[in-house]
Amino acid sequence: MKSIQAVLIALCLLAAILGSIAFRSKLAYRLLAAFLFLSASLCVIFPGITSDLANALGVGRGADLLLYLGLLAGIHSFLLLYLKERRLDRRITELTRAIAIRDARFLANELQLSNLSVQTTSNDKSLALSATAGRQ
Amino acid sequence: MPEIHSTNTLPNSNRDVYVIIPAYNEGAVLGDTVASLIPFGYSIVVVDDGSAVPASQFLLGRPVHYLRHLTNLGQGAALQTGTEFALQQNAEIVVHFDADGQHRPELIARMIEPIRKQECDVTLGSRFLDPEDRKLVPVEKQMVLKAGVLVTWLFSRVWLTDTHNGFRALSRKAAGQISITENGFAHATEILEILRRTGLRYKEIPTTITYTDYSRSKGQSVWNSINIVFDLVARKVMR
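Which chain is which? The protein sequence lines are A and B, in order.
Heads up, the first sequence is in this note's numbering, so the first residue is 1 and it goes up one at a time.
Heads up, the second sequence is in this note's numbering, so the first residue is 1 and it goes up one at a time.
Because the hints were derived from the structure by calculation, they are not lab data.
Don't take each hint at face value.
[Unchecked claim] Some but not every residue of chain B turned toward chain A, in silico, with C-beta under 8 angstroms: (1) LEU67; (2) LEU73; (3) PHE85; (4) GLU204; (5) SER225.
Given the structure is predicted, the values throughout are model-derived calculations rather than measurements.
Glycine included, each C-beta is placed from N, C-alpha and C at the ideal position.
Please put together the full structure from these sequences, using the hints given.
Set out below in structure tokens:
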């Protein structure tokens with residue numbers, strides 16, 4: 001076995017493990033990851049397989065077939081991520097909404113901060129004045 | 001603060017009308033808009049959509065309900081939050097109203113009248129029913145809005161004279177059925193889609209829009225309308 005083959009098989013194994021972790025709750029995807037790992041390993045050990053398969057499907061070279069399949073897989077994972085993001089977005093919206101409604105305030109009884117600070121400063125001043133008056 | 005006293009002496013007949021004002025970084029204009037609404041005695045709900053400076057500081061002491069999103073979600077989300085709150089408060093009619101002062105408070109009466117009379121469940125404001133109102137709309141804006149009418153028809157099969165007007169009134173029943181999931185500006189089309197699906201009765205009402213420099217600067221640009229189209233396509237494809 002050439003050393004590149006060992007490296008590639010190790011990479012395939014890593015990808016399969018990562019895939020299984022990512023799809024922890026979905027058996028179908030874990031089986032798919034295992035299947036992909038096995039077929040990828042086969043292709044690495046017997047490099048002729050991809051070319052034969054490509055020719056059978058009318059694609060020029062084995063590497064081209066892999067490119068196309070990889071592209072499909074890329075689009076698929078993009079869509080999965082997009083849908084996941086939408087679900088996440090919806091959850092954040094629900095959470096934010098629930099907090100907003102729970103913490104609703106009626107502002108009529110809340111004093112304007114500027115008025116408040118004016119009052120306190122004037123109080124402080126009168127206090128200070130009476131204090132100085134007392135001292136005199 | 002004279003406003004507080006004046007609302008206490010007003011008849012309560014308008015209390016069950018909840019005016020929802022979504023606000024995102026509106027600043028002092030929001031205070032003006034709210035102040036102009038207070039004399040009518042409606043219940044006012046301001047939904048602060050995660051403004052950098054909390055909008056409450058322009059509203060302290062005023063008789064308004066204040067809800068704040070902890071993070072910016074979009075106008076559609078803010079309207080939905082306000083609507084849900086209003087329904088919890090036993091609102092009979094929910095009105096969607098812009099924060100930037102382009103809608104006229106005195107026209108709310110015109111919007112809610114057909115709903116009170118049970119002639120329809122939803123009223124939608126239109127700038128194009130009355131030729132006088134139409135004249136106030138800048139020409140380039142008219143073109144964008146007319147394109148919006150077409151796009152809206154394509155996606156919701158509802159033909160209106162004006163879309164993305166933002167001024168609308170919903171009966172309690174309609175507000176309960178219309179649940180906005182489009183957080184951004186595509187909610188306007190989403191609402192129409194729901195109208196068609198649920199068979200709620202709707203009617204367009206002539207409304208005047210006041211274009212100020214401020215509302216123009218905040219308003220939706222041509223580019224943003226292209227954005228809305230993308231949102232709508234995504235919505236159709238990614239159910």
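Against the earlier hints, flag every one the structure doesn't satisfy and list their numbers going up. Numbers 4 and 5, in rising order.
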